[in-house]
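Could you put together the complete structure from these sequences and hints?
The listed protein sequences derive, respectively, from chains A and B. Residues 1 to 111 in my numbering are what the first sequence lists, from first letter to last. Residues 1 to 114 in my numbering are what the second sequence lists, from first letter to last.
It is worth saying that the hints were derived from the structure and are not from the lab. None of the values given here were measured: they were computed from a predicted structure. One thing to keep in mind: the hints can contain errors.
Below are the BS3-like pairs computed for lysine-lysine, each with C-alpha atoms no more than 27 Å apart in a straight line [to be verified]:
| hint | chain 1 | residue 1 | chain 2 | residue 2 |
| --- | --- | --- | --- | --- |
| 1 | A | Lys-68 | A | Lys-98 |
| 2 | A | Lys-98 | A | Lys-42 |
| 3 | B | Lys-14 | A | Lys-42 |
| 4 | B | Lys-9 | A | Lys-42 |
| 5 | A | Lys-1 | A | Lys-68 |
| 6 | A | Lys-1 | A | Lys-98 |
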Amino acid sequence: KQEVTQIPAALSVPEGENLVLNCSFTDSAIYNLQWFRQDPGKGLTSLLLIQSSQREQTSGRLNASLDKSSGRSTLYIAASQPGDSATYLCAAFQGAQKLVFGQGTRLTINP
Amino acid sequence: NAGVTQTPKFQVLKTGQSMTLQCAQDMNHEYMSWYRQDPGMGLRLIHYSVGAGITDQGEVPNGYNVSRSTTEDFPLRLLSAAPSQTSVYFCASSYARQGYGELFFGEGSRLTVL
Numbered sequence: 001k002q003e004v005t006q007i008p009a010a011l012s013v014p015e016g017e018n019l020v021l022n023c024s025f026t027d028s029a030i031y032n033l034q035w036f037r038q039d040p041g042k043g044l045t046s047l048l049l050i051q052s053s054q055r056e057q058t059s060g061r062l063n064a065s066l067d068k069s070s071g072r073s074t075l076y077i078a079a080s081q082p083g084d085s086a087t088y089l090c091a092a093f094q095g096a097q098k099l100v101f102g103q104g105t106r107l108t109i110n111p
Numbered sequence: 001n002a003g004v005t006q007t008p009k010f011q012v013l014k015t016g017q018s019m020t021l022q023c024a025q026d027m028n029h030e031y032m033s034w035y036r037q038d039p040g041m042g043l044r045l046i047h048y049s050v051g052a053g054i055t056d057q058g059e060v061p062n063g064y065n066v067s068r069s070t071t072e073d074f075p076l077r078l079l080s081a082a083p084s085q086t087s088v089y090f091c092a093s094s095y096a097r098q099g100y101g102e103l104f105f106g107e108g109s110r111l112t113v114l
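Written out as structure tokens, the structure reads:
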């Protein structure tokens, strides 16, 4: 059974720092991996989708990498801003009924 | 762009009542799904659909029914609400038939069952 783990559960950093969020999964047979952000009381906003054949994806200050062999994905946020404060979730996709989410990392950027 | 729209945003029910959570998307996505999000449990798949007329169960389907008569709409029905169904419900859709593509979520429906 696929298990997705995100460590740490919470992270607090000063504004301007570069940071890395981690996501690990136990079954490497995935079709893709997606990163989301969730603001309090809101839905999930898609950030980046990495297909299994890709190694990384970039969008603005965000860069996500995928290493299927080690069961790891990372989300790199450059030059963090207070507006980046949110919960970040990763989800490993194995099929129509096999999208497994991590518990999320709650990120706080301090001005 | 409306994207994925869920109604109602908030609902309070008494045990045993029934209701329908509505979900509509305007992106012509084949794949639609319903999740519930609970503290400490994360997001869990309830039901999903890969196209009009096709639905299937996810991880936690008991107590919920779905139908997919059109590409745009995917309502979730609670037949007899129970306190254990108190949760935040999210609808999501994807352009790939099996959900392989990027998944887009609605804003959520917050349900309390007393």
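Which of the listed hints are broken here?
The structure breaks none of the hints.
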